[in-house]
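All chains, full assembly: derive it from the sequences and hints.
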Amino acid sequence: MSTSAATTDAPRSFGVFKPVGHVVISFPEAGQAARAGQAMAEFGLPDGAVRHYSDQEMLRQIDEDIANASPIASVGQEMNLVLAHRALAAKGYHWLVVRVANDEQAARVAKAARACGAERAQHYGHFIIEELIERPGNIAQVAESPDRGLDAQTPSGKETEAAQLKKDPR
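Each residue of the sequence shown is one higher than the last, beginning at 1 in the numbering used here.
Just so you know, the hints here were simulated from the structure itself, not pulled from any lab data. From the three backbone atoms N, C-alpha and C, an ideal C-beta is built for every residue, glycine too. Any given hint could turn out to be false.
[Stated by the list, open to error] DEER-style ranges, computed between Cβ atoms:
| id | residue 1 | residue 2 | range |
| --- | --- | --- | --- |
| 1 | Arg60 | Ala107 | 27 to 33 angstroms |
| 2 | Asn68 | Ala41 | 29 to 35 angstroms |
| 3 | Val20 | Asp47 | 17 to 23 angstroms |
| 4 | Ile66 | Ala107 | 26 to 32 angstroms |
Below you can see the structure in the form of structure tokens.
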């Protein structure tokens with residue numbers, strides 16, 4: 001697993017971080033991300049496939065993306081997802097960005113991450129971004145739009161509320 005500062009070579013779409021073919025995973029604690037990275041080392045992923053971003057590294061990358069984003073980025077959900085990631089990073093969340101070969105490998109990565117305490121795992125495809133970890137509590141998802149933002153499946157619908165949930169150190 002490599003650690004990574006925000007870099008200009010990160011995959012982007014219209015100036016916003018969009019790592020197609022990767023799973024982006026958020027963890028409340030740095031130790032959880034480290035344990036998940038170690039678990040994924042057993043998957044036989046190629047060197048450099050698992051990258052760790054600290055909360056501060058993710059904030060720097062996101063702030064750079066927001067400053068340089070094309071207006072087209074706000075048409076889809078990419079910008080809303082970036083803003084949701086920013087809310088979590090501002091609360092101290094750490095991240096793994098894992099390059100995967102297919103949907104099966106993405107599901108396996110998400111399962112291992114969840115076992116280590118991950119709260120979110122999104123698999124980035126060319127046209128859709130799939131949430132791989134269901135939010136606890138059976139709160140129905142409501143319509144999302146560029147204006148409304150993402151539905152975090154919390155009572156308020158805001159990711160900042162999800163970040164305030166008790167951090168489980170597992």
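To see whether the hints hold, each was checked on the structure:
1. Between Arg60 and Ala107 the CB atoms are about 30 angstroms apart, so this pair conforms to the stated range of 27 to 33 angstroms.
2. As the Cβ distance of Asn68 to Ala41 is approximately 33 angstroms, the hint placing it in 29 to 35 angstroms holds.
3. At roughly 20 angstroms, the beta carbons of Val20 and Asp47 sit within the given window of 17 to 23 angstroms.
4. Evaluation of the 26 to 32 angstroms hint for Ile66 and Ala107 yields a pass: the beta carbon distance comes to about 30 angstroms.
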